[in-house]
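Asks: Residue numbers (this note's numbering), protein chains in the order written: chain P, 1 to 103; chain D, 104 to 545; chain V, 546 to 1032.
Among these hints, one or two may not hold up.
Restraint-style ranges between C-beta atoms, simulated for each label pair [stated by the list, open to error]: (1) P/Glu29 to V/Gly912: 19 to 27 Å; (2) D/Glu390 to P/Leu61: 17 to 25 Å; (3) P/Asn90 to D/Lys325: 27 to 35 Å; (4) V/Glu670 to D/Lys325: 41 to 49 Å; (5) P/Val52 to D/Asn427: 49 to 57 Å; (6) V/Lys616 to P/Leu61: 40 to 48 Å.
In the PhoX-like style, the derived pairs of lysine-lysine whose C-alpha atoms are separated by at most 25 Å in a straight line are [said to hold, decoys possible]: (7) P/Lys83 to D/Lys233; (8) P/Lys83 to D/Lys137; (9) P/Lys12 to V/Lys616; (10) D/Lys240 to P/Lys83; (11) V/Lys990 to V/Lys953; (12) V/Lys919 to D/Lys185; (13) P/Lys83 to D/Lys130; (14) V/Lys840 to V/Lys938; (15) V/Lys896 to P/Lys32; (16) P/Lys12 to V/Lys652; (17) P/Lys83 to V/Lys643; (18) V/Lys919 to P/Lys13; (19) D/Lys319 to D/Lys233; (20) V/Lys953 to P/Lys16; (21) P/Lys32 to V/Lys668; (22) D/Lys185 to P/Lys16; (23) V/Lys896 to P/Lys25; (24) V/Lys938 to P/Lys16; (25) P/Lys43 to V/Lys896; (26) P/Lys12 to D/Lys185; (27) P/Lys43 to V/Lys919; (28) P/Lys43 to V/Lys827.
What the hints contain is simulated information worked out from the structure, not anything from laboratory work.
All figures in this text were calculated on a predicted structure; none of them were measured in a lab.
Where is the CB? At the ideal position from N, CA and C, for every residue including glycine.
Here is what each chain is made of, one letter per residue.
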Amino acid sequence: MKGSLLSIDDIKKIAKLANIPISEKQSEELIKQVGVTVAYVSKLQELPTDGVIETSQVTGLENVMREDVVDESRMFSQVEALKNATHTHNGFFVVDAVLEASE
Amino acid sequence: MNEYELVIGMEIHVELKTKSGMFCACKNDQSLDKKPNIYTCPVCLGLPGALPVPNKTAIDWTIMLGLALGSEIAEVSKFDRKHYFYPDLPKGYQISQYDMPLCVGGFVDTSFGKVRLHRIHLEEDTGTLKHTLLDGKRVSLVDFNRSGTPLVEIVTEPDIHSSEQAKEFLKTLHQIVRFVGISDADMEKGSMRLEPNISVRRKGATEMPKYKVEVKNINSFKFAAAAIEYEFNRHVAILEKGEIPVQETRGWNEDKNATVSQRVKEGAADYRYFPEPDIPPLRFTKEYIETLRAALPKLADEVKSDVMSAHGLNEYQGKMLVENTIKLTKFQTIVSLPSIQRANVSGPTIANWIINKDIDPSSSENQIADQIIASQTIVVVSDDDLMKAIVEVMEANPKAVADFKAGKEPVKMFLFGNVIRELKGKGDKERVVALLEEKLAA
Amino acid sequence: MDSLSSMLYWRQVNKNLLDLSILELAKRLQDKSITSVELVDESYERMEASESVIHAAITIRDKKEALALAKKADETRTAHSSPLHGMPYVVKDGYVTKDLRTTAASKVLDTFMSPYNATVIEKLEAKGAILIGKMNMDAWGHGASTENTDYPVTKNPWDITRSAGGSGGGPAAAIALRYVPFAIGEDTGGSIRLPAAWCGITSLKVTYGRVSRYGAIAYASSLDTVGPTAKTAEDCAVVLEAIAGVDPKDATSSPHAVDDYANGMTKSLTGKRIAFPTEYYKEGLDTEIKAAIFKAREQFVSLGAVVEDVSMPLLEFGVPVYYILAPSETSSNLGRYDGVRYGNGRELFTKETSRRVMTGTYALSSGYYDAYYKKAQKARTVFIKNYASILSKYDAILAPVTTVPATKFGALLEDPVANMMMDVYNVTVNIVGVPSLALPCGFTKDGLPMGMQLIGNMHGEKTLISLGSAYQSATDWHTKTPQGVTI
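Generate the whole structure from the sequences, applying the supplied hints.
Replies: And the structure:
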């Protein structure tokens, strides 16, 4: 893993996971560029972090919650909810079929 | 077939009936047949810049469920992002819990043995999809009304070994969820959803099978049992051929009475969990958890014995009421009404009425009470008349009397029914039972 | 008076109103010696003069609409009005606004009309400020030069062959050209400070959580901050006071009390202690910038502060940590752009965005998480401790903002490492969450602005502002405007 350039299969797998549509030409480019970045950041392995606890947030806040109350002023009408969508039908958003025809 | 046994772990999703969403202030309306996309906001529609803020009640309720199920409650918990792409998932990730769920462990007792719980965690529900043809093209229609509804996931250990046990486990869990009062847990409406992970191994084997089949789209306990039976037979047939069933997701098809392979267009599953940066972690003190424990409504068994001893009900009456919270609530309200107490109507009488009569759902407790009182007070029948009817029935049914004396206890109900018919429904039924028993014992 | 004669009138009487400080403008608006209509008019005149070349803006509000708002502001002004009442301003196009389209500089959101306002917009609207434009940036904040925009690239007002910096090149150029008294930027790894340094203006990267992120299009959620860009430290203070505070819609917003940031500024810095991290001034730093900051160091000493050399040896690990955390979080945050509910499809992401999303996806994927993401989070803890050990003894750390002055176009576009290194001094500030004030400290011999930054303790904005303000009262770098482009 360390510093090694990625394979075309790696790039395709990552692109699929990331839902980024890429062409063959782009994947060649990305092998290089993502590879360079990954190699560069791998320098971090040199920093000793044994026994160090991870930090995922810097605020020190805990237990920030909201009361169970409905706020209608923040809710959208159906028209508002749909107004930025390209494909709608009868109040629904429309996407290409996600289920293949079953036998 | 006898050489094989089922190994089943369950994932159960329960939608909480909070007023608002898991991470937004949208109305949480789980009724069916409402218009699509009418309960959305920047947060649950995944608009640019929107941020989640967790619902305190949903967190409290999940902990209470954990307490009711004997789980250990996390001292520190957090939310994580679970990534996958699907049109009903607005953000490209679901806010869920990965390595620090709210509750760990716990169990549900069944008559076939204990079913241990692995964990209980809290997450947000997705939108819903409908598949249809539009202008000759196959499309999916997306509705985000359900998106962001608080959803509890209960995961068991693979401790279930038969469809009967699965059914009993699910019924008990369902009852507990209802009693904690956190969800309607309505299977048909989808507010309780089951996904058994089924595999089969040789009896006596101890290692886990190398595959499992997840079954979705199950909307009743009956279908859960049927799906498990179906899968058992399917797996055994494959195993008998020396093959291993394919690890996959299947759906229960009600019409075919069978499971079918679900070929869903999904990316490879690598959820890339990481701690949700938009929500600070949660920390619970022991004192806080104790206040939640104190707020926990009584559980089914406890409620049953309470109601039985307080109102002189038998086991059957207790069970019937506890299994239906609507009837239980009605009973508890009616039994304490002043009109009922003045009329001196007994608990068992009210219980029988509520259990056996088709009560018009629109009638109030007071109206029902009036009906009960009316039925009780129309005719008072003297003990002599009651005994007369009993003797007549016993004389008309000598075989039944003989059977009873030979130890056939259920015959008593047959005789009782005939006496009541003889009395044309008049008279104090408890008194009838008492006198009948007296006479039969003589 | 029609608008043309009104314009001619103020041009005679009040030339270059927008060179004045916010508090001075507020005073004149209060005593009615000027009007918001005049201010807004001047804003549009300046934009009209420069925008066809500079491209600081992606979307500009219709002028008539803006003037109507200004007129209304003039009519509704009271003695208790905020200093920002009737003040025109612009925001980076990474904030959602109901009135103007929001693109984040990406064709993915080319036509997106947000049905809600960001909290920062709501707060400024409540104070009576008038939003007149959405400014250019690297799409989604991905870049250090605003070249990764899907709209015409912002030019540096000091040299139009050079970048205005990024990701917030648009707001910085707008302030350099005095389009408006202030702008709202967004800083994830230097996006407010780097363009400020390259455009010769002052800007504040706030403590993480100090200003609500609600409605700020997320780049990397645990690093993103919302902050002001303006001409001076004092102006930044006035704006910060209006936008800071806890927000029930942002669970990470800080409940820490909001200071009166503009109050209590002094010209003397006696008793103040400034740390000077020697590692930051070694190889890699442009010699002119280095000389300028050494001069600033002397200036701080002459103002009464104690400046001492310290060691902050972790610098070289900052960029690796940042380029694991930020791409990971952005790969997640950009998951929502699927073209279903709004916007266009993911094929429209720029190359830089695709690179970052792919890198982040890789760093989070099964088998690599521990080596990258988790490791970076552990390193984050190490950085926090290092900063805390310095900042427990000093009021601020004096650091460069960039290794070089504004680069020529193209220099950063195809070189991921050069692009990453550009923010080497900036990213650790976001990793730790502390605030930082970037301010001008001189010009190169070619006439390009240079900047420095004062990094403070969590919620130490007021201290940074007083340090910066004292420096600006003794220097005049912040008063310089680009020649030739300004009217």
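Asks: Sort out whether P/Lys16 lies within 25 Å of D/Lys185, counting only the CA atoms.
Replies: Cα-Cα ~16 Å, so holds.
Asks: Would you mind confirming whether the straight-line C-alpha gap from V/Lys919 to P/Lys13 stays at or under 25 Å?
Replies: Holds: V/Lys919 and P/Lys13 sit about 21 Å apart, inside 25 Å.
Asks: Given the proposed pairing of P/Lys83 with D/Lys233, does the C-alpha separation stay at or below 25 Å?
Replies: 20 Å, holds
Asks: Is it true that the CA of P/Lys12 sits at most 25 Å from the CA of V/Lys652?
Replies: 24 Å, holds
Asks: Falls inside 27 to 35 Å, the C-beta gap from P/Asn90 to D/Lys325?
Replies: For D/Lys325 against P/Asn90, whose Cβ atoms are near 33 Å apart, the range 27 to 35 Å holds.
Asks: For the pair supplied as a hint, P/Lys83 and D/Lys137, confirm whether the alpha-carbon distance does not exceed 25 Å.
Replies: 20 Å, holds
Asks: Compare the distance between the alpha carbons of D/Lys319 and D/Lys233 with 25 Å, and conclude whether the hinted pair is satisfied.
Replies: Between D/Lys319 and D/Lys233 the Cα gap is close to 16 Å, so the pair holds against 25 Å.
Asks: Would the pair V/Lys990 and V/Lys953 pass a check requiring their Cα atoms to be no farther apart than 25 Å?
Replies: This hinted pair holds, its Cα atoms lying about 16 Å apart.
Asks: Are P/Lys43 and V/Lys827 close enough, with their CA atoms no more than 25 Å apart?
Replies: Roughly 20 Å separates the two Cα atoms, so the pair holds.
Asks: Honestly, do V/Lys616 and P/Leu61 meet the 40 to 48 Å range at C-beta?
Replies: 43 Å, holds
Asks: Take the C-alpha atoms of V/Lys919 and D/Lys185, compute the straight-line distance between them, and say whether it is at most 25 Å.
Replies: Satisfied, since the Cα-Cα distance of roughly 16 Å is no more than 25 Å.
Asks: Within a Cα-Cα threshold of 25 Å, do P/Lys12 and D/Lys185 meet the stated pairing?
Replies: Given pair P/Lys12, D/Lys185 holds - Cα atoms ~21 Å apart, limit 25 Å.
Of the hints listed earlier, those the structure fails to meet are numbers 4, 9, 20, 21, 24, in rising order.
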